[in-house]
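Engineer: Listed here are the chains, written in short residue letters.
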Amino acid sequence: MSAFTDPPKESFRLGMLIYDTRYRSMTIQIVALIAFLAGAAWLVNNAATNLAALGKPLQFSFLWEPSGYDINQRLIEYNSQSPHIRAAFVGLINTLIIAVMGCTTATILGVIIGVLRLSKNWLVSKLMTVYIETFRNVPVLLWIVFTMAIFIETMPAPREFRSGAATMKLFDTVAFTNRGFYIPEPLFSNSLGNIDVFGAFKISNDLLAVVAVLIISFLLQRAVKRRADKIQEATGIRPVTWWQRIGLMFIPIVILLYALGFHLGYPELKGFNFKGGIHLRNSLISLWIALSLYTAAFIAEAVRAGIMAVSKGQTEAAFALGLTASQTTNLVILPQALRVIIPPLISQYLNLTKNSSLAIAVGYMDITGTLAGITLNQTGREMETLILLMLVYLTISLSISSVMNWYNNSVKLKER
Amino acid sequence: MKKSAFFGALTVAGFAAAMASAGTLDDVKAKGFLQCGVSTGLVGFAAPDSNGNWAGFDVSLCRAVAAAVLGDPQAVKFTPTTGKTRFTALASGEVDMLARNTTWTFSRDVDLKFTFDGINYYDGQGFMVPKSLGVSSAKELDGATVCIQTGTTTELNLADFFRSNKMKYEPVPIETNAEARQQFLAGACDVYTTDRSGLAATRATFENPDNFVVLPEVISKEPLGPLTRQGDDQWSDIVRWTLNALISAEELGITSANIDELAKGTNNPEINRILGTEGNLGGMLGLDKKWAYNAIKAGGNYGEIFEKYIGEKTAIGLSRGLNAQWKDGGLIYSPPFR
Chain V
1 MSAFTDPPKE SFRLGMLIYD TRYRSMTIQI VALIAFLAGA AWLVNNAATN
51 LAALGKPLQF SFLWEPSGYD INQRLIEYNS QSPHIRAAFV GLINTLIIAV
101 MGCTTATILG VIIGVLRLSK NWLVSKLMTV YIETFRNVPV LLWIVFTMAI
151 FIETMPAPRE FRSGAATMKL FDTVAFTNRG FYIPEPLFSN SLGNIDVFGA
201 FKISNDLLAV VAVLIISFLL QRAVKRRADK IQEATGIRPV TWWQRIGLMF
251 IPIVILLYAL GFHLGYPELK GFNFKGGIHL RNSLISLWIA LSLYTAAFIA
301 EAVRAGIMAV SKGQTEAAFA LGLTASQTTN LVILPQALRV IIPPLISQYL
351 NLTKNSSLAI AVGYMDITGT LAGITLNQTG REMETLILLM LVYLTISLSI
401 SSVMNWYNNS VKLKER
Chain L
1 MKKSAFFGAL TVAGFAAAMA SAGTLDDVKA KGFLQCGVST GLVGFAAPDS
51 NGNWAGFDVS LCRAVAAAVL GDPQAVKFTP TTGKTRFTAL ASGEVDMLAR
101 NTTWTFSRDV DLKFTFDGIN YYDGQGFMVP KSLGVSSAKE LDGATVCIQT
151 GTTTELNLAD FFRSNKMKYE PVPIETNAEA RQQFLAGACD VYTTDRSGLA
201 ATRATFENPD NFVVLPEVIS KEPLGPLTRQ GDDQWSDIVR WTLNALISAE
251 ELGITSANID ELAKGTNNPE INRILGTEGN LGGMLGLDKK WAYNAIKAGG
301 NYGEIFEKYI GEKTAIGLSR GLNAQWKDGG LIYSPPFR
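Residue numbers (our numbering), protein chains in the order written: chain V, 1 to 416; chain L, 1 to 338.
Chain V on its own, in the form it takes in the complex:
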């Protein structure tokens, strides 16, 4: 006789949350989450209570009060009567300027140096090694301050131009002074005026027109190239198009510039300073040089790693197939190297952007200098300004990495 018994019905006991492996990991995670949230809530609550006790509850209305201070480098209209929020925007734009300028030059320099470090020429590769090791092993703040000090001490002061001790360079169009570089500025005698964007800032119509024409010319010459490609594929004969493409690229912009009455405004020494032209301030230039050179050292290493990651067999195979050296580089090596280079490059861009917050060391008014510097100091709103500042950097960093990740996806190994 056999008796069938149902497997004993397991009733759920509380102890099983710990002793039953099916539930244990879940339990631990939930407990950890609750502890984390409680800790976070305690911190937020503690900060809020203590700020209230100090008589400074969290509020952002100070952003709309007049700032009272001036900023030297401003791309949108701003004066000491403008509100703090506008000062923050001026600073934000300055941060973006230095980030874009820095990332561009750091990439160019980094790629060149990274390739040169792999050079078979002993001297060149050793020089590049020395460069990389000195730059990346000294704190960037020191480089920034050092560059500024060299700038201030070695360049002539504007008053030396009057006495003739210093002269303007490049046919009297550019002045290199210890207050920065003064270069010619583009001017339009038949200007199209500006457009107001939400009444907040102005964009020059001339600039928009130039950019629009350049984009259209570029697209047109691409269309000509594509047509030529098609004809070549169909007939095997490539029509001669180089003069059409060059013409399309340059003639429209020359006509536009002529119509707008384009001319250059040159800097001139008037009173205490040079007037006219574009003033690239010493703070901007030294910050730019220091950040670029510093970050380039890291990018160079990433580039070197990327190139070395492509096995030598690839090059040999490409040569065996009859590809030329440049085709090998462009079609075989680079696409594979980029997969290795892009991810570390993203973090270098982020680093450079975040390092630009050291700008105040040389008096460059980035967003750390305006919002979390003078505004914080004049209003005493530490918590609010720092929260805003962190949000701003977070947004900038996330935008950079999402763009770069998109690019990374487009070059990475396609797995099907």
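Take these hints with a grain of salt, some might be off.
To be verified - Selected chain V positions facing chain L (Cβ under 10 Å, derived; list incomplete):
(1) Ser67
(2) Ser80
(3) Pro83
(4) Phe151
(5) Met155
(6) Glu160
(7) Gln221
(8) Arg222
(9) His263
(10) Tyr266
(11) Lys270
(12) Gly271
(13) Tyr364
(14) Gly373
Simulated from the structure, these hints should not be mistaken for lab results. Owing to the predicted nature of the structure, the values given are computational and were not obtained by experimental measurement. Even for Gly, the Cβ is constructed at its ideal location relative to N, Cα and C.
Guided by the hints, dock chain L onto chain V, whose structure is given.
Structural biologist: Using the frame of chain V, we list chain L on its own:
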């Protein structure tokens, strides 16, 4: 990462604020020294000497307070603060008091939640230029490049001055006096502006001070004084009355030379009250009877401190001017000790 930084900041603010609410006097007594916020180095007002000992006009006030509270003028630790970091340092409880050429203004007193405990130097903002610039008035500075310490009232005054005179200028923001010195001497800015006392102190450290002039215009009122956190009245009273004791000491002729003699008792009841031989003013402050005796003994009375660090016989060479005693035509005036 970002998140942890955010909460980190909250924690710092949280703990710091929690500290700030405790009684500062008890804190100072418990740790056995006074944490005093001073400038990062302004000769005459607050600068370390070659042995690393801080000395100067503002430093003496810190030492006087330490002597009043702890009986030892050396029981002070100094925190150098820039124009930008000083208020955060005080509000967060990192320092117990600030004695750092800080201008008493409405918004700092009311909105930033500090208490100004008197005025130890009446100042005004001025401009310094190289003589070779050939400028004799601040009204001729249209278009000049101006070096200015960021996070100060001078920054706001400068904007107002140039705006109201319809002039343009190029501000060069800098953090410390040392950076300003470098830029100014190299000609990267035409003008250096700050409080006139600060200009005199900076000029005194130049190789050729005679090549530089301080322009005659005074564009603002800059009453400088020590400050403490709002809401701790006992501590604010201690700092305020220590300063007043130094001022009254000069008025009543109590000097570091004769203080021991006077402390034996005199015919002047106010001197007796200050020095603790009559009544118990110290007890009312929660301090020792000898608090003011100790404070004055530490570095002398207000006049002695002034002459020693920034007076006419020093390299800085400031005359008393507005900072003379009220009976000599100045503004320095202490309420009575009674």
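Engineer: Can Gln221 of chain V be said to touch chain L, with a Cβ gap under 10 Å?
Structural biologist: violated, 43 Å
Engineer: For the hint on Ser67 of chain V, just tell me whether its beta-carbon gets within less than 10 Å of chain L.
Structural biologist: Holds: closest Cβ of chain L sits about 9 Å from Ser67 of chain V, inside 10 Å.
Engineer: Holds or violated: the hint that Lys270 of chain V contacts chain L, with Cβ atoms closer than 10 Å.
Structural biologist: Holds, about 7 Å.
Engineer: At a threshold of 10 Å, is the proposed contact between Phe151 of chain V and chain L supported by beta-carbon distances?
Structural biologist: At 8 Å from the nearest chain L Cβ, Phe151 of chain V passes the 10 Å test, so the hint holds.
Engineer: Double-check Tyr266 of chain V for me: the hint is only fine if its C-beta lies closer than 10 Å to a C-beta in chain L.
Structural biologist: violated, 17 Å
Engineer: May I ask you to test the interface hint for Gly271 of chain V with respect to chain L, counting a Cβ-Cβ separation under 10 Å as satisfied?
Structural biologist: With a minimum Cβ separation of about 4 Å from chain L (threshold 10 Å), the hint on Gly271 of chain V holds.
Engineer: Go through the hint on Ser80 of chain V and say holds or violated, using the shortest Cβ distance to chain L against 10 Å.
Structural biologist: Holds: closest Cβ of chain L sits about 4 Å from Ser80 of chain V, inside 10 Å.
Engineer: Checking hints one by one. Is Arg222 of chain V an interface residue toward chain L, by the C-beta closer than 10 Å rule?
Structural biologist: Arg222 of chain V check fails; min Cβ-Cβ to chain L is 40 Å, beyond 10 Å.
Engineer: Under the criterion of a CB-CB separation shorter than 10 Å, is Pro83 of chain V in contact with chain L as hinted?
Structural biologist: Status violated, d = 14 Å.
Engineer: Closer than 10 Å between Cβ atoms is the bar; does His263 of chain V clear it against chain L? Give me holds or violated.
Structural biologist: It is violated, given that the least Cβ distance between His263 of chain V and chain L is near 24 Å, above 10 Å.
Engineer: Tell me if the interface restraint on Gly373 of chain V is satisfied: Cβ within less than 10 Å of some Cβ in chain L.
Structural biologist: With a minimum Cβ separation of about 6 Å from chain L (threshold 10 Å), the hint on Gly373 of chain V holds.
Engineer: Double-check Met155 of chain V for me: the hint is only fine if its C-beta lies closer than 10 Å to a C-beta in chain L.
Structural biologist: Status holds, d = 9 Å.
Going through the hint list in order, the structure does not satisfy hints 3, 7, 8, 9 and 10.
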